[in-house]
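First to last, the sequence lines map onto chains X and S. Just so you know, full-length UniProt numbering puts 119 at position 119 of the first sequence, and the rest follows in order with no gaps. Just so you know, full-length UniProt numbering puts 301 at position 301 of the second sequence, and the rest follows in order with no gaps.
Since the hints were made in silico from the structure, they are not lab data. On a predicted model such as this, the values are computed, not experimentally measured, just so you know. Warning: the hint list may mix true and false statements.
What the hints assert, rightly or not - As a list, the in silico DMTMM-like pairs of lysine to aspartate or glutamate whose alpha-carbon atoms are at most 25 Å apart: (1) X:Lys142 x S:Glu101; (2) X:Lys142 x X:Asp193; (3) S:Lys2 x S:Asp122; (4) S:Lys142 x X:Glu5; (5) X:Lys142 x S:Glu280.
What the hints assert, rightly or not - Partial list, derived from the structure: chain S residues whose beta carbon lies under 10 Å from chain X: (6) Ala14; (7) Pro30; (8) Trp31; (9) Asp51; (10) Thr147; (11) Arg220; (12) Ala236.
Using N, Cα and C, we set each Cβ at its ideal position, and we do this for glycine too.
Protein chains: 2
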Amino acid sequence: MKTVEMAHGSGGQAMQQLIGQLFMSAFDNPWLAEQEDQARIALSSLTAQGDRLAFSTDSYVIDPLFFPGGDIGKLAVCGTANDVAVSGAIPRFLSCGFILEEGLPMETLTAVVHSMAQTARDAGIAIVTGDTKVVQRGAADKLFINTAGMGAIPTDIRWGAQQLAVGDVLIVSGSLGCHGATILNLREGLGLDGELQSDCAVLTPLIQTLRNCPGVKAMRDATRGGVNAVAHEFAAASGCGIELVESQLPVKPAVRGLCELLGLDPLNFANEGKLLIGVERAHAEAVLEKLRAHPLGQNAAIIGEMVERKGVRLTGLYGIKRTLDLPHSEPLPRIC
Amino acid sequence: MKTVEMAHGSGGQAMQQLIGQLFMSAFDNPWLAEQEDQARIALSSLTAQGDRLAFSTDSYVIDPLFFPGGDIGKLAVCGTANDVAVSGAIPRFLSCGFILEEGLPMETLTAVVHSMAQTARDAGIAIVTGDTKVVQRGAADKLFINTAGMGAIPTDIRWGAQQLAVGDVLIVSGSLGCHGATILNLREGLGLDGELQSDCAVLTPLIQTLRNCPGVKAMRDATRGGVNAVAHEFAAASGCGIELVESQLPVKPAVRGLCELLGLDPLNFANEGKLLIGVERAHAEAVLEKLRAHPLGQNAAIIGEMVERKGVRLTGLYGIKRTLDLPHSEPLPRIC
């Protein structure tokens with residue numbers, strides 16, 4: 001079978017074959033091998049790691065499916081793993097739901113599934129339960145993936161945006177906007193190929209270096225909506241304002257060039273491997289050092305602070321502060 | 001805003017408004033209210049109920065979105081809840097991912113969300129984490145939903161299809177094919193409106209009546225692919241054969257009529273509120289009695305048994321046995 005057919009989404013033989021020949025062998029693990037309607041996970045394996053379960057989901061509809069630095073499969077593992085990991089949890093288990101368009105080349109599906117499997121394996125994550133639906137040609141665009149993920153939050157980690165207070169410092173774990181700029185360049189044919197690459201990565205190892213680090217109060221990964229969206233979330237949850245400093249934002253030259261070309265702000269660009277971290281000022285340098293010691297955090301930087309005056313503001317290169325509104329919408333759709 | 005726009009799927013203000021005004025208020029619960037990137041669930045609330053976590057996912061792409069007896073929102077709660085519940089677990093938490101087509105009437109989305117919320121509330125399930133994506137007009141057909149669900153499996157329940165053995169009896173919890181026949185009638189305009197209704201229901205209460213019932217060995221809900229698909233799964237997992245008896249299959253007159261009209265078999269039709277249960281012969285009558293005492297199991301019936309000879313067979317009305325193959329595909333796509 002060279003393409004996905006409607007039969008691959010029915011309860012019949014074709015679906016059984018697809019599950020058996022592709023999913024079961026690529027995602028191979030003891031939970032999946034039981035072939036029940038649900039994965040059955042020993043709760044003791046979770047309680048051994050923490051006292052709360054972190055549970056999160058995302059659907060992935062990115063266009064194009066493959067891009068420098070990743071593909072929709074890698075993204076579907078990284079994105080959900082990171083949403084779990086920023087709680088302090090170690091993501092362990094993922095579910096996976098495919099919605100496939102009739103006629104999708106089987107080669108495309110196979111490449112995406114193997115990419116998911118590889119990314120999950122590298123991160124110590126098991127894809128333990130799943131589902132496949134097929135819709136007619138034109139009823140979906142190629143391939144959508146949903147993943148839901150979970151892991152236990154260690155008892156000693158109590159991060160949360162509500163704890164942020166005036167004087168706390170904001171640290172970003174690396175340069176901004178690489179994922180968004182890469183997709184924008186591909187879609188708009190801007191000709192910056194070769195200079196741009198998505199930062200798509202599972203951040204658990206970086207986050208876990210901060211596990212015993214005093215002063216860490218809150219952490220989110222800055223995906224859709226960029227650092228600006230997370231800053232607004234931090235501000236809303238804490239009741240404080242936020243001031244960021246433009247000169248301190250780590251932005252790669254290719255991303256900066258693309259932003260200047262189009263009049264866009266890298267603060268609004270999606271990332272798929274970057275954290276915004278709120279830290280007590282006294283511990284900020286120590287946190288920065290830990291981040292920079294890790295390959296995923298080399299370009300970490302202090303970019304702002306929590307202030308009394310509400311709202312999110314950016315101090316520009318000439319020292320003038322301007323309000324950063326949350327845009328009505330993003331620069332481009334289907335970024336993740 | 002009268003329709004869903006691309007901005008509702010971006011990380012900006014429009015998405016925040018949709019989340020705040022629709023999802024947060026409809027699904028309202030303490031986990032969701034924290035507005036973190038992940039729900040944080042006390043593991044003690046799960047370990048108090050069992051020793052294993054049941055975890056399952058399904059995407060829902062049913063066409064049409066609304067049908068007699070339910071809608072895609074109700075289905076998205078029932079379907080995943082049932083996949084968790086057939087392990088013996090009590091489904092407690094759901095994630096929810098929406099993929100919306102630009103231009104979808106906001107009224108449609110609102111009706112679906114409220115239906116999900118009502119179904120979940122009635123079943124004691126909290127929708128604790130979610131995601132919304134919007135794709136351009138024509139890149140998806142109206143509205144897709146993914147849910148992933150979980151609950152703890154009580155320590156004393158050890159159901160599994162591998163335990164089935166020769167001589168065990170197969171019980172179905174009610175009449176067959178109502179969901180599939182309802183959708184087929186709607187889509188093909190067969191004019192049986194008023195007589196057909198989907199059996200879409202959360203089966204936890206029915207399943208829990210069997211919790212302390214000796215002899216229950218395995219249980220699945222017979223959705224896509226119908227009872228036939230589950231029979232094949234039971235046969236494969238146990239290494240036994242299965243023989244079903246046509247005269248004992250509970251099928252409502254309208255469903256039977258539609259099947260005869262089209263030359264289809266109700267055993268292949270999707271259900272959304274029916275169980276196939278494997279039970280030790282000595283306990284079969286007691287299990288049947290318990291099922292029939294519950295409104296969701298009134299039409300329960302013994303329909304067959306596990307036998308030595310491999311394969312799945314049906315003894316017809318004149319006593320002749322024929323092999324029931326697993327069809328290559330289902331009678332109709334996008335049934336769930």
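Hints numbered earlier in the text: which of these fail when held up against the supplied structure? 3, 5 and 7
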